[in-house]
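Q: Sequence:
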Amino acid sequence: MQQRLKSRFIFAVKPQEAVMRKMFLSTMIVAVVASSIATAADAALVFIGSWRVDQGPSWIGTPPAYTGQQTAAFLFGGMASDYSISTIGNDPGSIDNLAWVSVVGAFSFPDCAEFPCGRKVSESAVTSSGGLYLNVGDESAFVDDWAVGPNFTNYAFRNAIPEPASWAMLIAGLGLTGAVMRRRRRLALAAWDHRGGILSGTDTATPGVTSPRQM
Numbered sequence: 001m002q003q004r005l006k007s008r009f010i011f012a013v014k015p016q017e018a019v020m021r022k023m024f025l026s027t028m029i030v031a032v033v034a035s036s037i038a039t040a041a042d043a044a045l046v047f048i049g050s051w052r053v054d055q056g057p058s059w060i061g062t063p064p065a066y067t068g069q070q071t072a073a074f075l076f077g078g079m080a081s082d083y084s085i086s087t088i089g090n091d092p093g094s095i096d097n098l099a100w101v102s103v104v105g106a107f108s109f110p111d112c113a114e115f116p117c118g119r120k121v122s123e124s125a126v127t128s129s130g131g132l133y134l135n136v137g138d139e140s141a142f143v144d145d146w147a148v149g150p151n152f153t154n155y156a157f158r159n160a161i162p163e164p165a166s167w168a169m170l171i172a173g174l175g176l177t178g179a180v181m182r183r184r185r186r187l188a189l190a191a192w193d194h195r196g197g198i199l200s201g202t203d204t205a206t207p208g209v210t211s212p213r214q215m
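The letter at position 105 of the sequence shown is residue 105 when you use this note's numbering, and the numbering goes up by one with no holes.
Take these hints with a grain of salt, some might be off.
[As the list claims (entries may be wrong)] Okay, the calculated beta carbon distance ranges per label pair:
no., residue 1, residue 2, range
1, Gly77, Phe115, 30 to 36 Å
2, Ser108, Asn159, 24 to 30 Å
3, Thr62, Ala160, 20 to 26 Å
4, Gln55, Gly105, 17 to 23 Å
5, Asn151, Gly105, 40 to 46 Å
6, Phe115, Ser81, 30 to 36 Å
FYI, nobody ran anything at the bench for these hints, they're computed from the structure.
C-beta atoms are modelled at their ideal positions from N, C-alpha and C, and glycine is treated no differently.
Model the full structure from these sequences, guided by the hints.
A: This is how it looks when you write it as structure tokens:
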């Protein structure tokens with residue numbers, strides 16, 4: 001009798017194990033697909049546009065002190081963190097993550113011996129007075145002051161966005177995988193219960209024999 005109980009217990013557990021394996025594999029497939037789409041998007045930076053520092057508002061009006069990324073978001077939309085900035089050109093392979101800025105009182109600094117003059121700084125930070133282009137030493141990537149002319153041009157790049165068709169395929173795949181997983185689970189559990197597995201409490205296929213749960 002112990003041998004029969006052992007064999008029936010193993011048989012009862014197998015459907016659940018199969019369901020778990022299939023659920024795991026399905027989840028892994030979905031994760032790989034999603035990761036592939038995200039990786040492809042992150043790897044492809046595309047040129048969005050450029051601007052000259054002196055195309056910004058006049059320094060006389062105490063304008064905001066913009067970073068390179070903030071200027072790109074202001075001009076082209078989105079979030080500042082969406083952008084990578086370069087002072088070199090529109091080639092995605094030569095991005096230096098720097099931005100040209102104008103500096104208040106630039107003539108007082110050794111790196112600005114004559115007009116026009118600009119400075120390269122991090123794409124994500126500038127010196128400012130409470131966010132304003134106001135006091136000596138303040139910087140902005142979008143202001144009409146010392147950095148005048150085409151030599152002080154910043155180039156904006158953004159991560160490529162997956163095409164709508166790619167997202168549609170992913171969503172459809174998720175829905176199909178979920179439906180298959182639910183159907184397989186229902187069928188496996190129904191078969192498990194029908195054969196007197198652990199869920200049923202007693203071994204219905206062998207009258208009078210108690211399942212391992214009740215022993």
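Q: Work down the list of hints and note, for each, if the structure agrees.
A: Structure-based check of each hint:
1. Gly77 to Phe115: 30 to 36 Å: Taking Cβ atoms as reference, Gly77 and Phe115 lie about 33 Å apart, which means the hint holds.
2. Ser108 to Asn159: 24 to 30 Å: Since Ser108 and Asn159 have Cβ atoms about 39 Å apart, the given range 24 to 30 Å is violated.
3. Thr62 to Ala160: 20 to 26 Å: 37 Å, violated
4. Gln55 to Gly105: 17 to 23 Å: 21 Å, holds
5. Asn151 to Gly105: 40 to 46 Å: 20 Å, violated
6. Phe115 to Ser81: 30 to 36 Å: 33 Å, holds
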